[in-house]
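Q: One-letter residues, chain by chain:
Protein chains: 2
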Amino acid sequence: MTLDPVLARIDQDLPQATERLLELLRIPSISTDPAFKADCDKAADWLVADLQSIGFTASKRETPGHPMVVAHTGGDGPHVLFYGHYDVQPVDPLDLWDRDPFDPQVEDTAKGKVIRGRGSSDDKGQLMTFVEACRAWKAEHGALPCNITIFFEGEEESGSPSLTPFMAENRDELTADIALICDTGLYGDNTPAIITQLRGLLGEELTITGANKDLHSGMFGGLAMNPARVLAKVIAALHDEDGRITIPDFYDGVPELSNELAAAWDDLKFDHKAFLGEVGLSEPAGEKGRRPLEMIWSRPTCEVNGMWAGYTGDGFKTVLPSQAHAKISFRLVGTQDPLAIRENFRKMVQDMMPADCAVAFSDHGASAAGQMTTTHPAFDQARKALSDEWPNAAAFVGCGGSIPIAAYFKDILDMDAMLIGFGKDDDQIHSPNEKYDLSSFHKGIRSWARILHEMTS
Amino acid sequence: MTLDPVLARIDQDLPQATERLLELLRIPSISTDPAFKADCDKAADWLVADLQSIGFTASKRETPGHPMVVAHTGGDGPHVLFYGHYDVQPVDPLDLWDRDPFDPQVEDTAKGKVIRGRGSSDDKGQLMTFVEACRAWKAEHGALPCNITIFFEGEEESGSPSLTPFMAENRDELTADIALICDTGLYGDNTPAIITQLRGLLGEELTITGANKDLHSGMFGGLAMNPARVLAKVIAALHDEDGRITIPDFYDGVPELSNELAAAWDDLKFDHKAFLGEVGLSEPAGEKGRRPLEMIWSRPTCEVNGMWAGYTGDGFKTVLPSQAHAKISFRLVGTQDPLAIRENFRKMVQDMMPADCAVAFSDHGASAAGQMTTTHPAFDQARKALSDEWPNAAAFVGCGGSIPIAAYFKDILDMDAMLIGFGKDDDQIHSPNEKYDLSSFHKGIRSWARILHEMTS
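Note that the protein sequences, when read in sequence, are chains A and B.
When we follow the UniProt record's numbering, the leftmost residue of the first sequence carries the number 1, and every step to the right adds one.
When we follow the UniProt record's numbering, the leftmost residue of the second sequence carries the number 1, and every step to the right adds one.
Warning: the hint list may mix true and false statements.
Because identical chains share one entry, a pair is satisfied inside a single copy or across any pair of copies.
Claimed, not checked - In silico DSS-like pairs for lysine-lysine, Cα to Cα no more than 30 Å straight-line:
(1) Lys213 to Lys288
(2) Lys213 to Lys273
(3) Lys233 to Lys60
(4) Lys443 to Lys113
(5) Lys42 to Lys60
(6) Lys410 to Lys113
(7) Lys213 to Lys37
(8) Lys384 to Lys111
(9) Lys288 to Lys443
(10) Lys60 to Lys347
(11) Lys443 to Lys111
(12) Lys138 to Lys113
(13) Lys443 to Lys213
(14) Lys273 to Lys37
Hints are computed from structural coordinates only; laboratory data are not their basis.
Just so we're clear, the structure is a prediction, and the values are computed from it rather than from any experiment.
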């Protein structure tokens, strides 16, 4: 099957493809908030119907959480599985959005056209690049160029609780020759990137309780324990003056960067001033003595994602809070053991509790870092296909985010995974005003068409 | 005019007096939240009407914030001014209330009958003790025993922004021989207390800003500054290991307890284990080496009343917050200068800001500590009247709370003030399930009847 008519069809069909994406973006499928459960269901139904319309045998598959979408073409040639997620992040703070996050539209900006709305980049826009590539192949040639399974989940933004049980229960159905995952970005604006290492993620929530009720700070202040102060001490103690994390044995399994990788990354000439400048920052704030790219790709972190205690409304309330809370996450690298780190973190915090303070923990997921097997032939095939589409040659890069599914494919299904995506650093994923460049969407579709061609020719 | 029939009338009229208080408690006059502005107005109207019904010339007086209520009897004898506040604290966390905070009722408890509802103790129940005493005098004798001015404000729980301008503009109308303030408590359950020293209060809110938007902790974590961590460091740095506050020059003007006062306070045999045990605590958590009573009455404090950053909803969001916020208050003693402390606090925090973090402050009021002039004859008259009503003799005590109006009466109107109240330590003011003992209400009314009699006979 020839590639050129497929690419021409993609170019011609872009307005319709964009409309389809806008339709999917209008569904507020926020997985972490139970109020949006029906919307997650609706997004899954939409995808099933769309995949059926281009010849997939597609179905919605119930789980204890949000449903999966699984679709097959069958057929000859290599068998690839494509993964994406249809759920999106919450949208607060809503007042910082310039438009309704679920009323998306294509906007003209100084840097070109963008698709604005929650999920446009993470991950609905990205997953639709593959679906649209399939649609074009089917339209031009009446069939896909190989055997394709599509696998979408709806819990990626809330820790994927149903994912590994579902994979284990449907091992035969989901096993393919290689997994393609589209949930990452370009390197810069013009360099397509294939991720070869991912950070793991450990999520912890803690609640420190002092008195059995909020207290009047005049009546009790000075005599009674204040859990907000205790929480602040805990958080302040998690890093030393050099930005290193102080949890015992935390750095067990953190590898030093190899000379080869260090050289390759230096060649990328990462402009950290520009990267930080985009969000109003200027100075690398991580571990002293590390390259900026190490800080985001190959060094572990400990960050406060949320904290709250006492009165947080308008005005002032002279209260000593009964409880103080924090959501803290760790990005992990190398062979760091998430469960050992969880245990050491909890013990360290427990040991810091003064008299009259109790701490309780809850678990928001734990996944180890991932390392890809770049010797699989698909890596070179994809590198060639991407280099043909984009201005610069494709690069093998690290990724600071955590996409535990890559490790699950390896561990549960014994498949290698290849992470390719078309997001940009300024897409504002997880933030207000998320967008996806129309060019990311367009060239992303073309990229998958090329990759499928390269893998089957 | 004789006292006994007035006391008998109070006993007989208690059910009606209680109904009147419940009516006032049903008005949700939360002053700090603009959503309740109309309710503050309604509470003021209710009080004007009630005072008019017992012969006061009463009026609602507009201010830039919530209105004042001012009422006069005119007449001979000493001229006393009575102060209270009709506004109440917010009610969150609402789910910890056992009933609607604004649907008050009299409940039977193991310790006797209580009036349950927001404001029952702080301060609607307390201010009504004086109004009901006046009502009984008027009913029995057709007149009050002296010249009385009543002065209620509606902004006490939100920093009293309109109070001092109003006092200055109405100096002649508000000046009397002495001010009576009912916004404090008994010492223990059976010892009436006259406050002779009050802590001051300084309220500060700070916002630390890092990036210009919330960031993805995978993409930026490790490289970008996290303001929540910076805020935690600031809060942790405000106290040293001995519980002393580290702001430069903070202890300027903090007096050591005199030997006389130390002996008098030791005589009170403060049971800190029981006081703390009531709220689920056990250990004094203040400055090392200080008496528990000093910690709450005569030592300054620095407390976090609220803090928040990032994602605080259900589930988890791997975000690096753009901003972190805290509401911090200081209780002040002796001659500590609130404005100097504000300046030193702000400078200390400013100096702790790392690259890429900016801090902004806002001001939630500043009042110095207060010291009463106990040589005024009213103090001995009240001590005798209170000792006649209650099981134990009245005591001169300190107060950890901040009732800046006492200082304002002195500074603006050149009047001494006497603080007498009937709240109990377990009233849960500023907390869920606030209550006022029916016996506090009843004996409080009787106490004011006796005090008015003692001051005029």
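Q: Each of the hints needs a verdict: does it hold here or not?
A: We went through each hint and held it up to the structure:
1. Lys213 to Lys288: Classified as between: cross-chain Cα gap 24 Å, same-chain 42 Å, threshold 30 Å.
2. Lys213 to Lys273: between (47 Å within a copy, 17 Å between copies)
3. Lys233 to Lys60: Cα proximity of lysine 233 and lysine 60: none, with 47 Å in one copy and 48 Å across.
4. Lys443 to Lys113: within (13 Å within a copy, 75 Å between copies)
5. Lys42 to Lys60: within (10 Å within a copy, 56 Å between copies)
6. Lys410 to Lys113: neither (37 Å within a copy, 67 Å between copies)
7. Lys213 to Lys37: between (33 Å within a copy, 27 Å between copies)
8. Lys384 to Lys111: within (27 Å within a copy, 82 Å between copies)
9. Lys288 to Lys443: Answer is neither: 38 Å inside a copy and 67 Å across each miss the 30 Å cutoff.
10. Lys60 to Lys347: neither (42 Å within a copy, 59 Å between copies)
11. Lys443 to Lys111: For lysine 443 and lysine 111, the Cα distance is within 30 Å only inside one copy (16 Å; across copies 75 Å).
12. Lys138 to Lys113: within (27 Å within a copy, 79 Å between copies)
13. Lys443 to Lys213: between (57 Å within a copy, 28 Å between copies)
14. Lys273 to Lys37: neither (40 Å within a copy, 48 Å between copies)
The structure shown violates the earlier hints numbered 3, 6, 9, 10, 14.
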